[in-house]
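A.B. asks: Sequence:
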Amino acid sequence: MPPLGSHGWFFFSLTGGHLRDSPKLAGTRPPTPSSKQRGPFELELKTWSTMEGDCLSCMKYLMFVFNFFIFLGGACLLGVGIWVMVDPTGFREIVAANPLLITGAYILLAMGGLLFLLGFLGCCGAVRENKCLLLFFFLFILIIFLAELSAAILAFIFRENLTREFFTKELTKHYQGNNDTDVFSATWNSVMITFGCCGVNGPEDFKFASVFRLLTLDSDEVPEACCRREPQSRDGVLLSREECLLGRELFLNKQGCYTVILNAFETYVYLAGALAIGVLAIELFAMIFAMCLFRGIQ
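Numbering (the working numbering), first residue to last: 978 to 1275.
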């Protein structure tokens, strides 16, 4: 130890024998403890901070994945809506003739377009960690989620409108035969020719079609759309128009359209239902991840 003057011994005694507190060494900072010398609280705090950062990073990537699936789901709904509106096999005419179905098709298009856009925005917000985009995404996904849930409930409530009895009643009340200017009649003609069927339940439906009976000859049992075509004819040449209109079974389609259409679209109905459930589940998880990521971003 170096020799101390009187002032030095004075400060040495006041500081309890610690030279680092003397005026000559007052500006000297104590050495920073190494990681081995740190207390357990500091190490635990650092470990927790690292885990929180890793969790936030994982949340960001999960958010991106869920939004990518929302993006794909929106594209699928948009594609189904466009297909319904432009389908050349006759489904477009069925939708156009029913105000409830045409409204549902437009809702499908709108929801698909919004999900397509919001999935893209959600991906951008997750990658860039933008709180404004994440909040915007959460609010709009919540609105769409509630709207889709309401639409599903309404579809379940009004499902009776698509029963066999409903279509039979509409056909016997509004069908006008070969009147191409009437949307409803042209729709049914297109469906019967496309699917090779006749009426809702069969040819007997036209015995009770009041408007059809008034506008056609008494000898015509069925409309021309019910007549069978030449199997190999591309122009749809009838086997025998006269025999068909007289109701001869060999020359007309005896199967009703309801069963044919139901079988044709049964797969698409289940596919649409599974797709809707999947989209709702993805939206729910995406909202949860969006709020967690929003709260985690500093």
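I should point out that these hints are in silico values taken from the structure, not numbers from a laboratory.
Hints should not be assumed to be uniformly reliable.
Taking CB as the label site, the calculated pair distances span [said to hold, decoys possible]:
hint, residue 1, residue 2, range
1, N1240, F1122, 28 to 38 angstroms
2, K1150, L1123, 28 to 38 angstroms
3, P1208, A1249, 16 to 26 angstroms
4, D1195, L1123, 48 to 58 angstroms
5, G1255, D1195, 31 to 41 angstroms
6, R1218, I1084, 35 to 45 angstroms
Source: prediction; values computed, not measured.
Ideal placement from N, C-alpha and C gives every residue a C-beta, glycine not left out.
A.B. asks: Now, for every hint given, state plainly whether the structure supports it.
C.D. replies: Going through the hints against the structure:
At roughly 33 angstroms, the beta-carbon separation of N1240 and F1122 lies within the given 28 to 38 angstroms, and the hint holds. Between K1150 and L1123 the Cβ separation comes to about 37 angstroms, which falls inside the hinted range of 28 to 38 angstroms. In this structure the supplied range 16 to 26 angstroms is violated for P1208 paired with A1249, their Cβ-Cβ distance being about 33 angstroms. One distance hint, 48 to 58 angstroms for the beta-carbon pair D1195 and L1123, holds here, with the actual separation near 56 angstroms.
Between G1255 and D1195, the C-beta spacing of about 54 angstroms breaks the proposed range 31 to 41 angstroms. Separated by about 42 angstroms at the C-beta atoms, R1218 and I1084 satisfy the suggested range of 35 to 45 angstroms.
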